[in-house]
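Peer 1: As you go down the protein sequences, you meet chains A and B in turn.
The numbering used here applies: residue 1 is where the first sequence begins, and numbers increase by one.
The numbering used here applies: residue 1 is where the second sequence begins, and numbers increase by one.
Hints should not be assumed to be uniformly reliable.
Intra- or inter-copy, both count: the list cannot distinguish identical chains.
Said to hold, decoys possible - Here are the simulated DSS-like pairs of lysine-lysine, each with C-alpha atoms no more than 30 Å apart in a straight line:
1) K21 to K94
2) K14 to K51
3) K53 to K14
4) K53 to K94
5) K13 to K53
6) K49 to K21
7) K51 to K94
8) K21 to K53
9) K195 to K13
10) K53 to K135
11) K94 to K14
12) K13 to K135
13) K159 to K51
14) K49 to K13
15) K195 to K94
16) K195 to K159
Source of the hints: derived by calculation from the structure; they are not laboratory data.
Protein chains: 2
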Amino acid sequence: MIGPLEALIAALKKLPGVGDKTATRYGFSILNADPAEVRELVAAIRDVKAKLKLCSTCFHLTEEDPCGICADPRRDSTRVCVVETPLDLLAVEKGGAFRGVYHVLHGVLSPLDAIGPEDVRLAELLDRVRDQGVKEVIIALNPTVEGEATASFIRDQLKDQDLVVSRIAYGIPVGGSLEYADPLTLSRALENRVKL
Amino acid sequence: MIGPLEALIAALKKLPGVGDKTATRYGFSILNADPAEVRELVAAIRDVKAKLKLCSTCFHLTEEDPCGICADPRRDSTRVCVVETPLDLLAVEKGGAFRGVYHVLHGVLSPLDAIGPEDVRLAELLDRVRDQGVKEVIIALNPTVEGEATASFIRDQLKDQDLVVSRIAYGIPVGGSLEYADPLTLSRALENRVKL
């Protein structure tokens, strides 16, 4: 009956976690939005597809190659932080504590999903850190089975190299409560206790 | 750092109920989506703004004027169902029980928000039902203070006319549970009890 709106709702339902009701709400909001705002949204969607590419060094999303982080002379290129996605990179970057550079794998090893080393940017990581003066590879992957397996794989591949492979700490989140922490996190937090 | 993505996230945050995290998730999903799907989304957003207008009879959203419902000779044009938004119209229409026509007010009276009778399609409703052979005006507005006030206003304006003004029933939702019904709904349900 109102075809264009239904087409828009169908298109919006392809966004992650968006069902019928949410898509309908978004659809009406776009319908009633200011035309300038809608033009902005359309331009932003197009630009994100047209202008972004991957940095040929770290595989982060970027408009320029190399990306701003790789090109920044103030960043310490001897320390490489390995993350799964650009989103994870942004999360670490938001913390502001890390002054090294990154390597985005764009996935983790997952035999069940038939994702092997050749499906993620692992060869590029190994090539990059071998004989390039890298002193430390800091693994910041999610604490899942796949993340752990990927971490082990990287450690094994680099064990003959003269560099440190480390992993970010697992433990109780700052501001979190012991009461609500899951048992695995708690046992990891105990295991990795630090001397005061 | 990744400007186009940030611009897209900012634009997506204007959707209702979308904050930073959801917008970021949508942004990455659009970034990683199939180009054809993204073209579809962009076309759908444009179409919804370009192709849809309001039916000059009932003010529902439509591509053709009059809309499919008003133009359908099988619909009973002597019964007019008054709703607040096109979304409400679609909800009633989905029920499939109503074979009359609609009138979309595009709002309800709300003195606190300075929305008076001239800000919604009330004059058009009154013009339409006066002396046009309309036998019943069925008010299907939300059971809020504003909805009730708008219903009273319509009833008062039409009290000299030879037609019935009715309101959809308030009560326990079908499939709902008395235990979880709020007290007001329960007292309305009792008040409007029907003889078996």
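Peer 1: Hint by hint, say whether it matches the structure.
Peer 2: These are the hints, each one checked on the structure:
{"no.": "1", "hint": "K21 to K94", "in the structure": "between (33 Å within a copy, 13 Å between copies)"}
{"no.": "2", "hint": "K14 to K51", "in the structure": "both (22 Å within a copy, 22 Å between copies)"}
{"no.": "3", "hint": "K53 to K14", "in the structure": "both (23 Å within a copy, 25 Å between copies)"}
{"no.": "4", "hint": "K53 to K94", "in the structure": "within (21 Å within a copy, 44 Å between copies)"}
{"no.": "5", "hint": "K13 to K53", "in the structure": "both (26 Å within a copy, 23 Å between copies)"}
{"no.": "6", "hint": "K49 to K21", "in the structure": "both (27 Å within a copy, 20 Å between copies)"}
{"no.": "7", "hint": "K51 to K94", "in the structure": "within (23 Å within a copy, 42 Å between copies)"}
{"no.": "8", "hint": "K21 to K53", "in the structure": "between (34 Å within a copy, 22 Å between copies)"}
{"no.": "9", "hint": "K195 to K13", "in the structure": "neither (51 Å within a copy, 44 Å between copies)"}
{"no.": "10", "hint": "K53 to K135", "in the structure": "within (28 Å within a copy, 63 Å between copies)"}
{"no.": "11", "hint": "K94 to K14", "in the structure": "both (28 Å within a copy, 22 Å between copies)"}
{"no.": "12", "hint": "K13 to K135", "in the structure": "neither (46 Å within a copy, 40 Å between copies)"}
{"no.": "13", "hint": "K159 to K51", "in the structure": "neither (38 Å within a copy, 62 Å between copies)"}
{"no.": "14", "hint": "K49 to K13", "in the structure": "both (19 Å within a copy, 18 Å between copies)"}
{"no.": "15", "hint": "K195 to K94", "in the structure": "within (28 Å within a copy, 65 Å between copies)"}
{"no.": "16", "hint": "K195 to K159", "in the structure": "within (28 Å within a copy, 83 Å between copies)"}
In this structure, the earlier hints numbered 9, 12, 13 are contradicted, and the remaining ones agree with it.
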